[in-house]
Each structure stands twice: as structure tokens, then as C-alpha cells.
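Residues per chain, in single letters:
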Amino acid sequence: MIAASLLEPYAAPARPLYGYAGKLLRVDLTARRAWAEPFDEAYARKYLGGTGFGARMLYDEVPPQVTWDHPDNRISLITGVMAGSLSWGTANMSVVTRGTLTNGATSTQANGFFGHCLKFSGWDGIIFQGQAGDWSYLLVEDDHVELLPAGDLLGLDTWQLQDELMARHGRTGHQMSVYGIGVAGEHLVKFAAIEGDYGHVASKNGVGAVLGKKKIKAVAIVRGTKPLALANPAAVWAAADRLSDGIKAGPWGSGLYKHGTLGGFSGGAVTGMLPQKNYTTNVFYTDRPEVLEQFTPQAIRDSFPHRGHQCSACGMHHCMMHVLPRGPHQGELADEPEYEGWAGCGATLGMTDPVAVSWLNTQVDKAGVDVNEWGWLCGWVMEGCQKGWLSKDQLGFHLEWGDPDGAARLLWMVARREGFGNLLAEGVKKAAETLGGEAYQAGVFTLKGATPRGHDHRFKREELFDTCISSNATFEVGMAVDAQELDVPERIDVYNPVEMPESAAKIYGRRYVEDSIGVCTFTNSVGLQTTLGVINAITGWDMDLEELRNCGRRIGSLLRAFNLRCGIGPDLEYPSPRYGGVPVDGPARGVDAMPVWEQMRDIYYQRLGWDRATGKPFAWKLHELGLDDVARDLWGDAASG
Amino acid sequence: MPPAAERPESAPSPGPPADGQVTVELLPWLPRLIGRPEGRAARLTLDYRQGEIVAQFLARLSAAYPGLGADLWDAQRGALRMPIEVAVNGSVLGIHHQLDSPLQPGDHVLLLPQYQGG
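Residue numbers (the numbering used here), protein chains in the order written: chain A, 1 to 641; chain B, 1 to 118.
For the record, the hints were derived by calculation from the structure and aren't laboratory data.
Virtual Cβ for every residue (Gly too), placed ideally from N, Cα, C.
Take every hint as true, because none was put in to throw you off.
Have a look at the derived ranges for each label pair, beta carbon to beta carbon:
id: 1; chain 1: A; residue 1: Arg288; chain 2: B; residue 2: Ser101; range: 28 to 34 Å
id: 2; chain 1: B; residue 1: Ala79; chain 2: A; residue 2: Arg326; range: 43 to 49 Å
id: 3; chain 1: B; residue 1: Arg36; chain 2: A; residue 2: Asp241; range: 26 to 32 Å
id: 4; chain 1: A; residue 1: Arg288; chain 2: B; residue 2: Pro105; range: 25 to 31 Å
id: 5; chain 1: B; residue 1: Pro105; chain 2: A; residue 2: His398; range: 47 to 53 Å
Computed from the model, here is a short list of chain A residues facing chain B with C-beta under 7 Å:
id: 6; residue: Pro251
id: 7; residue: Trp252
id: 8; residue: His259
id: 9; residue: Gly263
id: 10; residue: Gly264
id: 11; residue: Gly267
id: 12; residue: Thr271
id: 13; residue: Pro297
id: 14; residue: Gln298
id: 15; residue: Asp493
id: 16; residue: Pro587
id: 17; residue: Ala588
Using the sequences and the accompanying hints, generate a full structural model.
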């Protein structure tokens with residue numbers, strides 16, 4: 001028997017909003033109500049979707065006193081205008097909330113089939129508010145919206161969760177997308193992720209813990225039956241082809257097209273980009289060429305039987321499922337790690353066996369934690385055990401570098417908050433601050449509490465800077481991709497304290513566009529002008545590049561204003577001592593970003609129109625971006641006009 | 001056909017290059033730009049030229065392998081592009097070498113894709 005839908009009656013829009021379902025699903029968990037929130041074309045054109053819609057919602061609805069664990073906190077899972085279109089990798093959704101590690105704004109993305117299923121169920125996104133009385137999961141099938149009991153799902157890992165809900169609702173293949181939390185999210189681990197469709201992850205800033213606090217174990221979206229209107233379907237075909245052709249042929253996308261990010265390990269080991277043993281060395285792998293050889297893309301693809309595990313409508317060859325070919329878990333299915341999985345479960349832990357790394361990476365997925373924070377945390381513990389500032393008595397066992405079984409033991413201790421795992425579940429910053437002294441010096445984190453990506457950023461200075469300044473709990477600027485269209489040098493000298501921040505300021509906003517339109521960053525590794533061609537064909541708009549870039553700047557400004565209102569300001573825009581430290585060996589030995597840090601910030605702030613003292617975007621800048629209300633909030637009534 | 005000065009090596013892990021040569025290594029899918037199988041490292045040796053700076057060396061390499069040159073340089077601006085990382089003796093440009101730094105016999109030039117996120 002099918003229960004009654006929670007969804008309250010709503011009026012369908014008079015005419016289709018091209019590219020969008022035209023409404024968000026709002027779910028109040030406390031009141032057990034659900035309703036449709038339509039939006040108009042002007043709103044869509046201003047904020048695009050995904051992170052843009054989420055940022056506007058966060059700024060409008062979450063005041064400073066509503067901390068990440070407060071029932072009034074919101075969490076949104078929203079796709080964008082390109083979702084459900086013919087373009088590659090367009091099932092992306094962005095999760096926006098006030099997250100755990102920074103207690104500030106969060107924007108983190110995942111793909112798979114979520115956005116695709118959601119759009120064809122007639123929704124652009126879901127916003128949760130309140131807190132369920134009992135553990136529940138949300139089922140959406142077109143206009144049928146139900147909150148179902150999830151007590152019997154507790155303890156399931158993220159893969160088991162998908163298996164169980166697919167079976168329970170009689171779905172197979174890609175008929176249903178399930179995103180949920182693992183054991184870590186149930187225990188409010190501060191870096192718990194939201195994982196789905198076997199291996200796809202929205203991982204940053206503890207979004208899984210936010211969902212766990214709301215007692216939502218999963219969101220299950222049946223691929224719906226609603227139509228999606230496109231302004232010019234033939235033009236969408238052509239524009240999507242241009243985009244995929246650009247990826248296959250372009251200098252950024254062509255490698256990703258075939259091997260994804262696998263090459264990052266072996267290449268990064270040589271240049272110093274690969275984070276090795278918690279940033280204690282940069283030569284561990286180059287000193288062991290026989291080990292490094294096993295981590296090349298071809299060696300990985302040759303040694304693991306594998307098959308494609310692409311996201312919706314995607315022609316890339318980077319997402320794979322593979323089978324562990326040997327060892328104690330021989331024959332088990334694993335999600336082929338992306339670069340960051342190889343880094344977080346491999347290099348930063350001093351692992352030498354790719355089979356063990358892949359197994360551990362899938363354990364991380366199943367437990368439901370962010371692989372980056374996991375790497376920094378586990379590497380920090382391993383270093384502590386080696387150097388003696390973390391004792392066997394404290395931890396409960398001794399953990400050596402390169403021990404996959406010990407790492408997995410630690411992982412599940414953390415996921416269940418058992419013993420010392422209860423402190424570690426707070427993330428490496430909190431753990432390092434608690435132990436203090438040498439332990440504090442060894443932690444890799446930003447002072448905001450955010451988790452760096454899986455690189456040695458002492459080598460990648462632009463990402464170090466970006467990660468520390470960013471308002472979304474990961475980096476927010478990224479690469480130009482097409483240097484000419486953003487008017488930056490073809491080759492940015494990232495160690496030049498003038499050129500790097502000047503270029504970063506010009507690129508600023510690009511990434512927020514990408515995270516708001518329902519597309520994966522890999523399938524958007526072309527100039528924004530090409531992406532804009534798809535957007536305009538879908539919507540019938542005549543948007544130009546500057547308007548699109550202003551959308552991104554607007555979204556970033558909203559998140560920055562939100563954080564400033566929450567007290568997360570310029571005083572926290574620094575790396576921890578280890579994160580911003582000086583490499584002791586390897587190719588970047590002796591390189592130090594900190595002597596030019598303030599100079600870089602001076603330039604960056606000035607170029608972006610931010611006040612150097614307070615970090616606030618100036619009122620004129622906010623007016624320029626159409627954020628008059630934010631200008632008033634930050635600068636008072638004098639800022640109007 | 002590469003010029004005589006460029007002799008693709010047959011051994012996958014050669015020893016240190018002889019005096020008077022500069023080694024070039026391409027990772028991991030860039031070898032296809034010089035007509036080699038991708039996925040594993042490809043190595044070349046080029047004769048050392050007295051006083052040659054990094055930019056000139058890369059231009060000479062690009063002339064020998066136009067497919068590589070097309071990805072390495074922006075033809076309109078005449079500038080080195082961002083997607084391919086260039087490292088000399090293991091350090092990327094900007095740390096110990098710039099484009100106008102002279103090369104030395106025995107130097108090792110590494111070309112590999114830039115990575116971010118993932």
C-alpha cells in the first residue's frame with residue numbers, strides 16, 4: 001500500500017521554464033510537511049541553480065545563531081540548468097549548508113544520477129529544514145514525497161544502503177539514485193560525507209553530519225516521468241557536442257577524458273605535488289621507483305579488472321569499478337579511486353600497495369567520510385605514533401606508516417566514535433588543538449577548520465592560498481581553463497606574489513558557475529563560452545560571458561557575506577603551521593609562501609573589491625552584483641544607492 | 001621522424017644521461033603527443049646546446065614534435081600554456097628555473113599534465 005504523499009497541492013507553472021523543473025521541494029522535518037517552492041526565470045538567471053540557489057537560501061534563512069547542528073539549519077541538494085540535458089556529466093548536484101568543521105558556509109558537489117533523476121521527477125532541488133523525530137529517509141517519485149522510517153537502516157554502509165533501498169522499492173540499475181550517510185554520519189563525525197550511487201561523494205565540511213543531525217539516513221530519488229522543456233533542442237545537441245568535442249581535444253580535458261585523474265599520483269610524486277606521509281617528506285615515492293611504477297595510470301588499469309561506472313549521460317572514462325586482483329580481499333568490488341583517493345588513502349599514509357589503497361578507499365566510501373580529511377587525520381595519527389607524541393595507550397594500538405589494516409581499524413573507530421576515535425571524529429584541527437605542542441604543529445588544516453584537497457599545496461601555492469581564503473570550505477577559484485577568455489596569462493607563475501593573486505581574482509567566480517549549473521568540473525574542462533552555448537540553447541537566454549561570470553561572483557559574495565556574519569573573517573585566512581610550512585626535501589624544498597602571504601592578500605582583496613580590514617566585499621561591489629540587500633546588511637543603510 | 005639529435009631510448013628506466021645531453025620525460029598520457037603509447041613514461045634525449053635557455057629548448061622540442069608543441073604553446077600569444085607542467089630537474093618552473101634560465105648538460109626536463117581537485 002502506498003502511503004499518502006506529504007506534498008501539499010501546488011499550482012503548475014503557466015509555461016515551462018526552459019531547462020528547469022521550475023520548483024524546489026521544501027521538506028520541514030519537524031512538521032513533517034513538504035511543499036513546492038516555485039521560482040521564476042529572473043531568479044534562475046541570477047543564481048543559476050546548485051550552489052547559487054543554495055547560497056541565496058543559506059544567506060536568507062540561516063542567521064548566525066543557527067549553528068550547524070541547530071534544527072533551523074538548512075541543507076540543500078540542488079542541481080542546475082544543465083542537469084537532465086544531453087551534455088556529459090550533467091546529473092551533478094551541489095550540497096549547501098552551514099557545515100561542521102568551519103561552522104560556516106559549505107558548497108560541495110556529487111554526480112552519479114541524482115540530478116538527472118531529480119529533474120525528471122519534476123524538481124530542481126530539495127531543501128531540508130527542521131529535524132525528524134525518528135530516523136527517516138526521504139523518497140521522491142514525481143509528486144509522491146514520503147518520509148519513511150529508517151531505524152532498520154542504521155548501521156548500513158553507504159553501498160549496503162543503496163542495495164537495500166533499491167531492493168525495497170523494486171528498482172534496479174539507474175532507476176533510482178540514493179544518496180545517504182554511512183555510520184560516520186549517524187555518529188555525527190565532523191567530516192562525514194553524503195555518498196551515493198556507489199562511490200560518488202559530496203564530501204566537504206561534514207555535510208553527512210548535518211544530514212545525520214536531522215536524522216535523515218538517505219534521500220532516494222526515483223527517475224521520474226516529468227518532461228523537461230528545452231528552448232531549442234537541436235541547438236542543445238549541437239552545443240553539447242561542441243562541449244564534449246572540446247573536452248576530448250582540449251589540453252585540459254583530453255587526459256581526463258581517458259584516464260581521469262589517475263596520473264596525478266605518479267606525476268605529482270615527481271614534482272612534489274603529491275602529499276606524502278602527512279607532509280613530512282616529498283621523496284618517499286621517488287626514492288622507491290619500483291613502488292611508484294605500480295601507481296601509474298597504465299599499471300593501475302592493467303592490474304585491476306575494471307569496467308565503466310560513468311555518471312548520467314557521460315562519455316568520460318575516468319569513473320570505473322574494479323576488482324581487487326590479489327591479497328586478503330581478492331575478488332571484492334571496489335570503486336577505482338580518483339586521484340584524491342590514491343592520495344588520501346595512499347600517499348599521505350605512506351602506502352606502497354595499490355590494491356590495499358583501493359580497498360581502503362572503498363572502506364572510506366562505505367563508512368561515509370571525506371577522503372581528504374581522512375588522509376590528513378590518519379597520516380597525523382601515524383606520524384604521532386612514529387614520533388611518540390601519540391601513545392599506544394591513547395590510541396589503543398600502534399599504527400605504523402603504510403599499514404592498511406591498521407588504517408581501516410582506525411577508520412571504523414572514528415566512524416563509530418569509539419575510544420580515541422571520539423576525539424579524532426572532530427577532525428584533525430580539533431584533535432591537534434586538543435593535544436597541542438608537537439601534535440598541533442603536525443596537523444594539516446586551515447585555521448577556518450576546512451579540509452585541504454589531496455595535494456601538497458606547499459607546491460601548489462595557488463591552491464594553498466585559495467583554500468585558506470575560500471568561503472565554501474574547500475577551494476573556490478580553481479583554474480582558468482581558457483586563459484584568454486578570463487584575461488589571465490597563458491601560464492600563471494604561481495610563485496609570483498603579484499601575478500598569482502591578480503590572476504586568481506580574475507578567475508574568481510568561474511568555479512561557482514560550474515557548481516551551480518549541474519555539471520561536473522571534469523566535463524566542463526573547456527572555456528566558459530562553450531558552456532554558455534549549452535546554457536543559452538537550453539534556456540533560450542542571450543546571456544553573455546560577463547553576465548555568467550557575474551553570477552559566479554555573486555554566489556561567492558553571498559557565501560563570503562554569510563561567513564563574515566558568522567564571525568569567520570580575515571583573521572582565519574591562514575594555513576596551519578604544517579600546511580603552510582616549508583618542504584624539507586624534494587623539488588619544492590625550501591619554498592615558503594608565508595613571507596608573501598600578506599602581499600598576496602593585499603592584491604587579491606583589492607582586485608576583488610574587498611575591504612582589507614574587515615574582509616567585506618565593498619558596498620559598491622555588492623551593488624554591482626545586484627546584492628543590494630547584502631550591501632545594506634554589511635555596511636548599513638548608508639550603503640544603499 | 002625525429003631529428004637525429006633526438007634518440008628515443010629503448011630502456012624504460014635509463015641511467016643518468018651522458019654529458020652533452022638533456023633528457024626529456026613525458027608523463028602519463030603526454031607520450032601520445034610524440035607518437036608513443038600513453039599511460040607510461042616516455043623518454044627522449046636531446047643534444048645539449050651551449051647557452052640554450054628553457055624556452056628555446058622547449059621550442060626546439062616543439063619543432064621536432066608539432067603535436068606536443070600545439071598543446072605546449074599558445075600560438076596566438078606565443079606563450080607557454082598552463083595545462084602542461086614543466087619541471088627542470090624535478091622542480092617546476094618558478095622554483096629554481098624560469099623560462100629564461102639556461103639549461104646545463106645532464107639536465108632533466110619533465111612534462112606532465114597539471115592537476116587540480118579530483
